[in-house]
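Residue numbers (this note's numbering), protein chains in the order written: chain A, 1 to 103; chain B, 1001 to 1650; chain C, 2001 to 2467.
I should point out that these hints are in silico values taken from the structure, not numbers from a laboratory.
Check each hint, because a few of them may be wrong.
[To be verified] Sample of chain A residues facing chain C (criterion: CB under 8 Å; computed from the structure):
(1) G19
(2) V30
(3) S33
(4) V35
(5) E36
(6) N43
(7) A51
(8) F62
(9) A81
(10) Y91
The structure displayed is predicted, hence computed values, not measured ones.
We put the CB at the ideal spot given by N, CA and C, even for glycine.
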Amino acid sequence: MADSPQEIQKQVKKILLIGAILIFFTVVTVALSYVELPSHSLNIIVGMILATIKAALVALVFMHLNHEAKLVYKILAFTVAFVLALFLLFYFSVSDPLVFKDF
Amino acid sequence: MSAAAHTHDHAHDHAHDHHEPGFWGKYIFSTDHKTIGIQYAISGLLFLLFGFFLMLLMRWSIAYPGQPIPGFQVINSIPGVSWVFNEMIGRWAPGGVVNGELYNMLGAMHGTIMVFLGIVPLGFAGFVNFVMPLQIGTIDMAFPRLNMWSYWLFFVSGIGMLASFFLGTGSVQTGWTMYSPLASTTSLAVTNIWLHGHTWWLLSMVFNISASLLGSVNVITTIINLRAKGLTWMRMSFFCWAMFIVAFLLLLAFPPLEVAALLQLSDRVFGSSFFLPTGLMEGGQHLDISGGGSPLLYQHLFWFLAHPEVYVLILPAFAILAEVIPANTRRPLWGYKAMVYAGLTLGFLSFLVWAHHMYLTGMGTMMSTYFQITTVLISVPSVILLTCLMISLWGGSIRFTPQMLFASAFLPMFGIGGLTGLPLAFTFIDLALHDTYYVIGHFHYVVAPGTIFGLFAGVYHWYPKATGRIMNDFLGKLHFWPSLVGMNLIFAPMFIQGMGGFHRRWYDGGKYFEQTSSVSNWFTELTSGVFGLFGMNVPNNLLGLNVLMTFGAIILMLGQVPFILNFWLSIKGGKKVKNDNPWDCTTLEWATPTPPPHGNFTFDIVAVRGPYEYSVPGLGQDFFPQWESSPGKAAEPSAVPAAPAAAAHH
Amino acid sequence: MDIPYTVTARPDTGLYNAKVGIWLFLASEVMLFGGLFSSYIFLRVGADYPWPVHELNVTLGFVNTLVLIGSSVTVLLAWANLKLRNIGKYKMYMVITVLCAGAFMVNKSFEYKAKFQHYSVTLTDGTILTGHLPHGYEIEFGDVTTLNLTVAGKHSAVDADPVDYVVPYIKGEAPKFKTESGEEIVLDKASFKKLRAEAHDKAVAKAKADGLKETPNWNVKLTAASPITFVLPPSKLLAKPTPGATAIAFRDGTTVEGKMINDKMTLEVDGIDLRATPDKEKSLAFDEHYLGEPWKKAFIDQREHAIAEFNEKYGDGKGGTTRDPLKSATHQKHMFFVPIHSATPEVHDHAKAEGEHKAEAHAPAEHAEGGHGGHHPEVHLERQHVHFFSNFTPKLNSYYAIYFVLTGLHGLHVVAGAMVLGYFVFFNGRMLREDPERLANRVEVGGLFWHFVDLVWIFLFPLLYLL
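Pulled out of the complex, with its shape left as it was, chain A reads as follows (with noise of 0.2 Å):
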C-alpha cells in the first residue's frame, strides 16, 4: 500500500492515465458494436473481451488488486469460481452440447 507522499502522487498520475483508457476503450466498444462482425457472437465475444479487460484495470489499479493482502485474493477466487460455475452451468442447461438433435 503506497503510504509516503510521493507514492500517493505518483499514484494520482495513475490514476489519470486510467481513467484515460478507460474511456478510450468504452469509445472503442460503442464504435465496434456498429460493426458487423462475421456473426453476431463474434460482436458479442469482441465486447465482452474489451468489458473485461476494462473491469480488469478498474479491479487491479482503482482497486488495488495488484497489490493487496493474499486473503482477499482466497475469498475473490473462490467467489469467481462460483460466479463462473453459474455461468455455465446455466448456460448449459439451456444448451446441452450432448443433447441428440437428429434423433
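Please arrange chains B and C on chain A, whose structure you already have, making use of the hints.
Leaving out everything else, chains B and C in the frame of chain A:
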C-alpha cells in the same frame, strides 16, 4: 444551524461511550455479541416451536382428514386467543376442519419458518454470536453495530412472515420452494397485490437475506482478524471452523436466492415473464403475459442457494458436536485436521451440486451426469465428518449428560438421513422417488433428529456459560427419550410410504388415492395390530402409518414440555456452576467469568496449544485448557511469539 | 476496551477489519450480480424472439459510462488528497463524486420515463406495432344499472369496497343508488359502512338459522337512479375483459352487467415490426382500417432496398451471398422493421430512415411531447385484433424485464454509494479533525464499493445497450 446540531450530536455520542447502557441499550438494542446471540437463539427457539405447531396441524389433517382439530371449540371460546386463532388459521378451517388451502399455507410456512427463521438463526446466528468471539478470545464481533442491525433485520423478516397470516389472502401457499410458474401466476386476482401473503413472503426474504449477509460478513471478519494471540488457524476449534464455512456459504449462496425473490416479485407485481414460458395457459385461457422466460431459471436460482443451505443447516450441528463429544468422552477429537479439510471441501462442493434437486426438469444428459458425479463426490467429506465424530467415542469414558445423549443420538440419526440420500443422487432412482414421502423422510432425518438434536446439545452445553446455572439433568433426560422416540415414529414410516408412492403434498394423507394407499405389508399389519391392542381401529394398509406418525408427533410435542420448563426455570432455579469451567473443557470460552461481562475476558488471553487436549498422559488432570501453560496457570502473553507479518503482493 | 484493528492492519493478515468486511461484502455482491447476469445469459440464449440490439438510447448510456468512470477517478483523488491532508481538495473531489451519482440518476430517469410512455402492441397475427397512446388505454363500459357487491363473510383478499374501486371510474357525476330496501343513498364511505354492517348482520343471522359453520358471503345489489358508464384502464379490473364482454369485475369483486361501448385502442404508430408475422404483406397492420396500402408499399420498398444492400455488401459474385440472410439479425431487422417518422410514408428517403433508425431506434418518446398526431399515423385498433400490449416495462418481454431489474438494482447501488460517500464528507467532520487516518480508511472502503458499482456498469452498458 446544522453545524450546531452536529456538535450537539457528537456530545451526545460522547456521553454514551462512558455510561452504562440502560435497559433498552443492554437487553434490546444491544451491540454486545452475547446479548445478540441470546436474542437470536431465543427467537430461533420460538420460531421452531411455532413451526412445529404448524406441522402438528398438518399431521392432524393427514391422519384424520375431514375431522375437526382437537381443542378447536376450547380455543374458540377464549376471547382474544380465538380472534388470533381465527384470523391466522380458523378462517380456513370451517368447523375446525383443515382445508386444502390452509394445508398449503401450513406446508409452505412450516418449511420457511423452520429453515430460515428457526434453525439458521438458532444454529448459526445464535451459537456463533454467543460462542465464537469467546472461543477465539476477543472482546466482541468486528462490527458490533452491524451485528445489532443484523438481528433487527432478521426480526423484521420474522414479523413480516408471521403477519402474512393475518392478511386477507393468508400466507403464501405454494410450498417453501415457491416454484414458478405456479408461484408467479397463482392468486393474482386480489384487490391489492401489495397486501398479499406471497408478496410479504418475498419481501421478508429480502430482509432475511440482508440480515444473514451482515451476520456472515461480521463472523468471517471476526474470525480472520480478531483471533487471540497464539490462536493460529490450526489451533482454532472445529466449532469456529465449521461456522466460518457456514458464514461463507451464507455469504455467497444467498444472493442468487435474493435474485430469484426479486425476479418472482417482478413477475407477480409488474407482470414480467422471467419464469413464464411462451404460450402459458391457465384454466384454458392464455395468460396476459409476454412469455419468453423459463421455470427452469427459477429452479436454478433457488437451488443454488437451497443446496448450500442444507450444509448451512447441518454444519452448525457438527460444530456443536465437535465441542460436546470431546468434552464428554474426555478424549481429543479424532482427526481434527481431516475434519477441517473435509469441512472446507464440503463447503466448496456444496456450490456445485445444486441441480440434483432438478433431475425431473429434463435439464439434459450432460447436466444430469455432471450433477450426479458431484453429488456422489460430496458424500465423501460428509462421511469423513461423521466418521471422525464416531471414532472420537472410541475408548472414551463417556459422561451421559443430556448434551451427550443428544450428541450420541445425532450420529445414527444423521447417518440414516445421509444414507437414504444416496439413492436420490442417481437420476433413475430419483425419477421414481421425487416428491414422495421418501424425500421428506430423508431430509427430515438430516435436519430434525440430526440438526435439531445437535442444537439441543449446544443449548445444554453452553447454558451454564450464559446463565451461571446448569440445566436440570433429569428433565434433560425426560426431554431426550420422548424426542428420540417421537422423531423416529414420525420419520421412519415415511420411507415406507414414500416407496409406496405417497406424494408429499396430499393434504388428506392419501385417502382418495386408493390404488396407492391400499397396499399393506408386515409393518402396516404390525402397526394396525399394536393400535388394536389399545382398542383403536387403524387401517392395516399404508394409511395406517399416517396415524402412527401423528402419534409420533404428539409424543414429540409432549417431549418438548420438559425442555421448555427446564430452559426457563433453570435461569433462576438451576444448580449453580462450581467454577467458570463446569464441564472441564479446553477451549477459550471457559476462561471467562460466568456469565461473561461486557468485554469478556478479565486477563490478557493467549492460546498456547490445540483445542482438544483431553487426557494428556502425565498431566494431573484430564484436560489441558488452551490458555494455560501448566494446569491452573494462565499463560503469559509474552510466552507467545508475535505472528509474522503477511507479505503483501507486489 | 476497543475492538482491535479498526485503524491499523493486523500484522499477519495485512488488513484492517473494515477492509476484510468490504471485500466480503463485495464478494457477496459479485454473487448477486452474478445471479442476475447468469439469468441474462439464460434468458437470452433461450429467447424465442429477436433480442433487441441498440434499442436503448446509446448516447444516454455512453454519457452515463463517462460519468461513472469520472466519479471513480474522483473518489480515488479524494482519498489520495485526504492521505496527503489536502482537506479542501478532498472535500471538492468527494462532492464531485456525489454530484456525478446525481447526474447518473437524472440521466437514468430520462431513460426510464421514455420507456414508460412508449407502447408495443402485438396483433393477433404476430405483427408488432410500437408507438404512443395519446390518452393512455381506457375502455368504456356502459348501460350499467346495477352494482353487484359481494360482502365477504370472513377477512378475505377480495371484499366489497366500491367507494375506492368502483365509484372513481364512473363517467361524469356519480348517480344516487337505491338499496334493496328501497332507500336512496349517495355511495360514500359512511353510507357504505352502514350498508356493509347490515349485510354482515344478515349473513350472521343466516348462518345461525341454517346451522352453518362459518358466515357466508353476502350479495348486495345497488340500483342506479340513471344508467352509468365506466371509463377505466383494464388493469383496474380483476381480469382482462374479453372483446365485447357483457360483464366486468372490479378489483374489489364487484361485478356489473352492461355493454362494452368502446374498447378500441388509439395508437400513434412509430414502428411496424413484421419479423414474427407469417405472411408479411397480408399483415393486419396494412388492413385498410389501419395503416393501409401506402405503408405496405413503404414496407415493400424498404425490404427490397435492404435486400439489395445486403447483396451488395455480402455478394459472392456468383449470385449468392457469403452470409446466410436468415441468420443475420441485422438484415432481418432492416427488412422487416419499418420505422415511422411521418404521418404518411416518405417514399424516397431510405438512407435517412436507415440512419435514424440506427441511432435512435425508438427515441420518439421525446418527440411525443411536442404535439400529438402530426408526426405519426394514428390507428384505432379493434380489441379482438390485439393479442398483447404493454408499455416498454418488464411486462413487454424478457429483455426489458432483465433490463429493468439489472439497471434498477444497479441504480439502487449508485444511490446507496452516493449516500455513504455523502455521509463521509458531510457528517464525518469530527473524525476528519481528530482521526483523519480512520476517515481515510472509511473513504477507501467506500471507494472500493463505488468502484464495484462502476465495474458492474462496465458490463451492463455493452450487454444491454450495444450487443
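To see whether the hints hold, each was checked on the structure:
1. Taking 8 Å as the C-beta contact cut-off toward chain C, the hint placing A/G19 at the interface holds, the least distance being around 4 Å.
2. Look at A/V30: its Cβ gets to within about 6 Å of chain C, closer than 8 Å, so that hint holds up.
3. Interface hint at A/S33: satisfied, since its Cβ lies 4 Å from the closest Cβ of chain C, which is below the 8 Å cut-off.
4. Restraint check, A/V35 versus chain C: the minimum CB separation of about 11 Å is more than 8 Å; hint violated.
5. Hint on A/E36 holds. Least Cβ distance to chain C is approximately 6 Å, under the 8 Å limit.
6. For the restraint placing A/N43 at the interface with chain C, the shortest Cβ-Cβ distance is roughly 6 Å, inside the 8 Å limit, so the hint holds.
7. Residue-level restraint check for A/A51 holds (minimum Cβ-Cβ distance to chain C is 5 Å; threshold 8 Å).
8. For A/F62, the shortest C-beta to C-beta distance to chain C is roughly 5 Å, which falls under 8 Å, so the interface hint holds.
9. For the restraint placing A/A81 at the interface with chain C, the shortest Cβ-Cβ distance is roughly 11 Å, beyond the 8 Å limit, so the hint is violated.
10. This hint holds: A/Y91 has a C-beta 6 Å from the nearest C-beta of chain C, less than the 8 Å allowed.
The structure is inconsistent with the numbered hints 4 and 9, although it conforms to all the rest.
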